[in-house]
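In the order they appear, the protein sequences are chains A and B.
The opening position of the first sequence corresponds to residue 1319 in our numbering, with each subsequent residue numbered one higher.
The opening position of the second sequence corresponds to residue 24 in our numbering, with each subsequent residue numbered one higher.
By construction, these hints were calculated from the structure, which means they are not laboratory data.
Heads up, the beta-carbon is just placed ideally off N, CA and C, and yes, glycines get one too.
One thing to keep in mind: the hints can contain errors.
What the hints assert, rightly or not - Examples of chain A residues lying across from chain B (beta carbon under 7 Å, computed):
#1 G1350
#2 E1357
#3 D1455
#4 T1552
#5 N1562
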Amino acid sequence: MKSEKITKYVLFAVSLIILLIFAGMVFSLAGGAMPVFKEYGLKFIFSADWNPTTGRESYGALPFIAGTLITSILALLICFPLSFSTSLFIAEYYHKTRVASVLGTMVDLLAGIPSIVYGLWGFYALRPVIIALGLSDQGFGIFTSSIILAIMIIPYATSLSNEIITMVPNELKEAAYSLGATRFEVIFNVIIPNARSGIVASYILALGRALGETMAVTMLIGNANIIPDGLFSTGNTMASLIANQFGEADGLKLSALIAIGLLLFLITAVVNAIGKYIIKKLS
Amino acid sequence: MKKLIILLISVAVLASCGQQKSESSGDGSKKVTLTAAGATFPMPFYNLAFKKYTEESGLLLTYGGIGSGGGIRSLKDKVVDFGATDAFLSDEELAEIPLKVVHIPTCIGAVVIAYNLPGVAELKLSDKLLEGIFLGDITKWNDEKIKNENPSAKLPDMNITVVYRSDGSGTTHIFSDYMTKISKSWAEKVGTGKSLNWPAGIGAKGNPGVAGTISQSAGSIGYIGSEYAFAQNISYALVQNMAGNYVKPTNESISASAKGDIPADTRVMITNSSDPDAYPISGFTWIIFYREQAYDGRTIGQAVETIKFLEWLIGPDAQAIAESVHYAPLPEKAVELSREILKSITFEGKPVLK
């Protein structure tokens, strides 16, 4: 009985620490963001004007909110066909074969590559391809960043989807086969309906990762503080802007950067909430 | 349960207090190390000079190239013994800091206009061309205006990509200070600052980032600290100075830009010099530190070592190192003024240098 109580208290204390850290982060972000919201109000979120020049300062977060959402969602769209077919290949068609295990390990390895290496690869290998295809002058921009982001989030989407797909009970699949269903029909009528909430969850996780990615994006997006006007336009994301300008920021600019951090935090929270809602609806 | 929460909070508070205390009360240890941070523009010089000084004196020195703004903030936060910046602190900025901050220049550097145009070995840029290109009004390399200034160059039919610093930077400050002086529309639309609202182009992080992007992108043009262009063999343009001459950035032409008057606190911009031989986009780079060295638990040892090092840095040995990496040495006038400033440094009210 006593050990039971101790366990309970220890667990409570530890989870309380997480809660305290979370509250502390929100508190300090909100506190740091206050001056800029006092100065501009909600206009800060909807203004596209970012001018850090001393004497003519003006801060608006819209270009970076737009850049973040566009690159992340585009990355998710590019990632989906690749990672979804990989999941089916590994977890269903070639499940428990050597090919599948090699492929599965390789996908997991992608998650271990540091962001800067993706950035370098994008800079030296992917960019020349974009230029050679004539898609843009220098190969920097939204599209290039999205491709890199898509590759970076593949392991997050794939690994979890794999687990979920293998967890679909064999009895269900066998029952479908015994009724004369083809493999294709089993996948689309038994596996996907059973696994869909987990699959959605894995893509939400991947989207969350794309929203916060910094280094690789900074190297490829062009760091132009404008609302992108096309797929091949340059732009900037929230995380990349903070990484670029935090070093020498002070006063109102520092507050504006912290406010962008707070907005990124909120966007991630909203994405997670939407994900939770979809999962609840589906299961 | 409430007790547990109170306990946790008090432990956390105690822990944080304890840490602060141990940080601020620097013990009087025998081995002094100096920490500095700031501008990346003079970093090739500082890296060599700091290493040489460590070899000669055994004093451990570290320099973090985090940008001029970062150098100023680090000094404000008192986490470094001295900071480094390419943009001197304005009167307002100085007033914001409760302790008196002083500047000494360490060398003169040039900001070069680097470009990547296969087959174009020489490019001449006038005020009008710089204005047009960096404001995004001239968008093609074979534009008539560029052709008129460069009749012999084989200019390709290629779009111009401007590359600028995406982070705050003293290099940007020197460049934009020059642009503001030579172009009315630049002054109106963009202005002077460590980071700007760029009308055209793409941003890259740090001098190395801009240099790397230019060397990898045909058709690009940007501004970088001269040493970065020399070291990576990137082509750079001849810039027209106030007297109308097209000048290459060399030690002589950079030195020539500092022939004018220097105020006693050494805070002066030397861009757009009227000297006929001067390379016009030149600037001093400064070390900044507190006049009263006894702050935040610093020891007299740290203060003495700081000032001794700075005295060496403006002396002939270190200035020769600056020249070897293509920075122009300080003019005699600037060295004299800096010596005066170093003599005025105190520790608990008493002069550090005897």
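How the hints compare with the structure:
1. The closest approach between the C-beta of G1350 of chain A and any C-beta of chain B is roughly 15 Å, which is over the 7 Å cut-off, so the hint fails.
2. A least Cβ separation of about 17 Å between E1357 of chain A and chain B goes past the 7 Å threshold, and the interface hint is therefore violated.
3. Hint status for D1455 of chain A: holds, given a least beta-carbon distance of 5 Å to chain B, under 7 Å.
4. Hint status for T1552 of chain A relative to chain B: holds, with the closest Cβ pair at about 5 Å, below 7 Å.
5. Hint on N1562 of chain A holds. Least Cβ distance to chain B is approximately 4 Å, under the 7 Å limit.
The structure shown violates the earlier hints numbered 1, 2.
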